[in-house]
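*Asks:* Chains as they are written, first to last, in our numbering: chain L, 1 to 244; chain E, 245 to 712.
Treat the hints with care, as some may be off.
Claimed, not checked - In the SDA-like style, the derived pairs of lysine to any residue whose C-alpha atoms are separated by at most 25 Å in a straight line are: (1) E/K449 with L/S206; (2) E/K641 with L/L226; (3) E/K309 with L/I102; (4) L/K238 with E/K698; (5) L/K238 with E/A315; (6) E/K449 with L/I102; (7) L/K244 with E/K510.
Because the hints were derived from the structure by calculation, they are not lab data. All of these numbers come straight from a predicted model, not from anything done at the bench.
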Amino acid sequence: MKKALLTVFICLCISAPAFALDGNEMLEKVDRNLNPESFEMYRKLINTESDGSKKEFVMYSVKKGKDKIASVFLSPASEKGRSTLRVGENMWLYIPNVGKPIRITSLQSVTGGIFNNSDIMRVDYSAEYNCEKVEPADDGHILHLKARTNTVAYDRVKMRVYGERLLPDKLECFASSGMLIKTLYFKEVKDFGGGIVRPAVIETDSPLYKGYKSVIVFAKVKAKELPDEVFTLNYMSKIEGLRK
Amino acid sequence: MQLMQSQNPPESEITKLSLQIWRRSPAFLFFLIFIYISTPGYIFAEDKSSDTIDLDFEIPEAEKKPYSFNAEIKISETIRGFDKDSLLFNQKYPNSRDDGTFFQTDLNLRAEGSYEIGIVKLYARLSGELYYNNDEDWENGQRTEEAYVSLLPSPSLTLDIGKKVSKWGKGYAWNPAAFFSRPKDIEDPDATQEGYYVVSGDLIKSTDSPLRTIALTPVILPVSEDINDKWGNDERGTERDILWGGKIYFFAFDTDMDIMFLAGEKVEDRFGADFSKNISVNFEIHGEAAIVLDYVRYVTDQQGNLTQKKYNAKNYLLGIRYLTSHDTTYIFEYFRNGQGYTRDEMKDYFTLVEDGYKEYVSTQTMAKLSESRQYGHQFYNRQTVMKDYLYLKVSQKEPYDILYFTPSVACIYNVNDKSGSIIPQITYTPITNFEFEFKTTFLLGKDYAEYGEKLNDYKVYAAVRYYF
Chain L
1 MKKALLTVFI CLCISAPAFA LDGNEMLEKV DRNLNPESFE MYRKLINTES
51 DGSKKEFVMY SVKKGKDKIA SVFLSPASEK GRSTLRVGEN MWLYIPNVGK
101 PIRITSLQSV TGGIFNNSDI MRVDYSAEYN CEKVEPADDG HILHLKARTN
151 TVAYDRVKMR VYGERLLPDK LECFASSGML IKTLYFKEVK DFGGGIVRPA
201 VIETDSPLYK GYKSVIVFAK VKAKELPDEV FTLNYMSKIE GLRK
Chain E
245 MQLMQSQNPP ESEITKLSLQ IWRRSPAFLF FLIFIYISTP GYIFAEDKSS
295 DTIDLDFEIP EAEKKPYSFN AEIKISETIR GFDKDSLLFN QKYPNSRDDG
345 TFFQTDLNLR AEGSYEIGIV KLYARLSGEL YYNNDEDWEN GQRTEEAYVS
395 LLPSPSLTLD IGKKVSKWGK GYAWNPAAFF SRPKDIEDPD ATQEGYYVVS
445 GDLIKSTDSP LRTIALTPVI LPVSEDINDK WGNDERGTER DILWGGKIYF
495 FAFDTDMDIM FLAGEKVEDR FGADFSKNIS VNFEIHGEAA IVLDYVRYVT
545 DQQGNLTQKK YNAKNYLLGI RYLTSHDTTY IFEYFRNGQG YTRDEMKDYF
595 TLVEDGYKEY VSTQTMAKLS ESRQYGHQFY NRQTVMKDYL YLKVSQKEPY
645 DILYFTPSVA CIYNVNDKSG SIIPQITYTP ITNFEFEFKT TFLLGKDYAE
695 YGEKLNDYKV YAAVRYYF
């Protein structure tokens with residue numbers, strides 16, 4: 001009996017670090033493990049169709065704080081110079097030919113395909129979601145997230161995190177009706193330098209787009225000091241100038 | 245002298261159209277060949293792998309170069325069906341035309357490039373076109389749409405000198421507060437515009453207060469016969485002047501707001517404001533208002549006597565964007581054009597045109613018709629020339645899971661004379677850097693109504709764009 005109690009006690013001690021964090025603290029840790037608060041990155045977005053044809057977009061993005069992100073498309077040529085800005089729940093799209101920013105919503109997609117604007121202009125999960133419940137899972141936990149406001153793209157998200165680093169490997173996104181909208185798979189954990197170790201590939205599929213698949217590949221994820229003025233409408237046409 | 249009438253035997257409209265298409269053979273054949281070589285079957289082969297999807301995870305674009313170059317080549321075919329009973333047709337072609345349709349084949353090349361050296365950035369966008377049509381045979385043209393130098397000492401400060409597009413306002417179809425822009429094409433509000441030679445700046449300040457951003461954009465625009473001579477699309481003549489103005493942007497309480505003005509010694513001073521806000525995730529409202537002080541409107545009576553009406557013209561616009569759960573986007577706008585003509589004033593103008601045409605038919609005297617042409621060119625024969633308009637655009641993203649395919653229909657309605665146009669359109673970009681566009685425009689309206697008296701009954705437009 002003593003042995004059994006001791007075993008339970010030792011198990012509890014081993015698992016204590018994870019459970020010492022509440023769900024929202026874990027979520028914030030996941031955010032910081034995925035990227036620093038202020039950073040730059042390059043992403044390639046690949047949309048593949050059921051017949052195998054594909055379309056690729058490359059964008060440069062900068063993010064600061066919990067809820068500010070700006071991106072500019074570097075390719076293909078038809079999209080080059082288009083930029084997006086998100087500050088909290090406000091999103092804008094700047095098209096060079098049109099010459100002025102217009103407001104867009106998280107539900108739309110500037111690229112088409114499965115990824116919508118909220119996926120492409122993702123801010124910290126902890127800024128958008130409240131963790132309602134944490135469930136233990138194989139080598140990790142499942143975080144049950146609920147949108148903080150009704151302006152967030154997905155009403156509920158089930159996030160599976162694993163390992164000591166608390167990195168996500170699967171995200172299921174649900175509408176308020178409970179319908180599964182899409183599933184994101186985080187893959188290919190890579191050391192980007194500067195202490196940033198995170199999945200370099202996110203794959204997604206959706207029951208709404210049968211046979212289609214979208215992938216985001218990350219490169220050059222790097223901490224960067226950014227002034228707040230970068231995240232303004234007047235700066236949208238100049239974002240590419242931040243690249244070094 | 246009798247009016248020239250068509251000597252062709254009676255034919256159905258479709259037969260006539262078909263014959264005219266094939267008579268345009270060189271241009272049309274060129275267009276068809278281009279379409280053929282750019283069909284998906286030919287291009288898709290490069291994009292597909294037979295069994296597995298081979299994803300390339302390399303991102304060579306991540307290496308920055310100090311220069312960039314992009315270009316777009318477009319070939320398009322436009323067919324306009326004349327409304328031979330309309331007054332503006334009779335005004336332009338008092339001897340009528342043998343053909344009932346106008347064909348134009350366009351080949352456009354637009355190229356843009358930039359070069360960065362430290363805090364200095366050079367940018368230019370040029371366009372050239374080669375076109376063939378019924379009336380002019382092969383012609384060409386070119387223009388510098390933008391060419392400027394930017395100094396960017398910090399993200400909060402920018403200075404631009406050169407030819408630059410400054411688009412102000414929140415409206416989609418109209419922008420009454422866009423004081424430093426050329427007029428939009430209501431049939432293609434997203435079309436690339438040509439800029440003006442300006443000196444302008446951007447001073448941005450972000451704060452942690454509820455007023456999250458404030459930005460100041462001063463503009464100086466010189467006008468003379470050598471520079472910016474077409475400012476304001478004013479055909480009354482160019483007077484040497486220095487125009488100055490500015491815009492202050494505020495972002496507070498999740499709302500975009502601007503206050504703007506323009507002033508000059510020889511132009512009417514004007515002030516404006518706009519706003520845009522998402523009241524829910526899929527519902528945006530926007531508005532724009534401007535006042536033009538001491539605006540002078542030139543009005544003709546039925547006899548061709550031109551008078552001036554001077555007043556403070558108030559223009560405003562209210563609009564919404566709404567996205568449904570099925571990815572249908574609605575854009576709806578109401579525009580009050582305080583500078584526009586009333587229904588009676590337009591009727592007087594149309595009466596002048598009709599009387600001028602009748603006078604020409606009966607006496608071969610061009611005086612009155614020429615007078616109406618002059619007024620039409622200067623004041624009346626323009627887009628959105630009357631007081632009250634409604635605009636509705638409905639677009640559906642990727643229906644039936646067809647990726648990169650967007651059908652839409654736009655409607656412009658003149659509230660004052662109950663005329664308008666309907667513009668169904670499809671855009672499809674199935675292949676990277678290729679875009680296909682097909683658009684038709686139908687004009688509807690009774691006699692003496694703006695859209696009922698336009699030169700054309702309908703327009704068909706097809707284009708293929710390739711970006712590289």
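*Asks:* Does each hint fit the structure? Answer for all of them.
*Replies:* We went through each hint and held it up to the structure:
no.: 1; hint: E/K449 with L/S206; result: violated (41 Å)
no.: 2; hint: E/K641 with L/L226; result: violated (35 Å)
no.: 3; hint: E/K309 with L/I102; result: violated (29 Å)
no.: 4; hint: L/K238 with E/K698; result: violated (42 Å)
no.: 5; hint: L/K238 with E/A315; result: holds (19 Å)
no.: 6; hint: E/K449 with L/I102; result: holds (20 Å)
no.: 7; hint: L/K244 with E/K510; result: violated (46 Å)
The structure shown violates the earlier hints numbered 1, 2, 3, 4 and 7.
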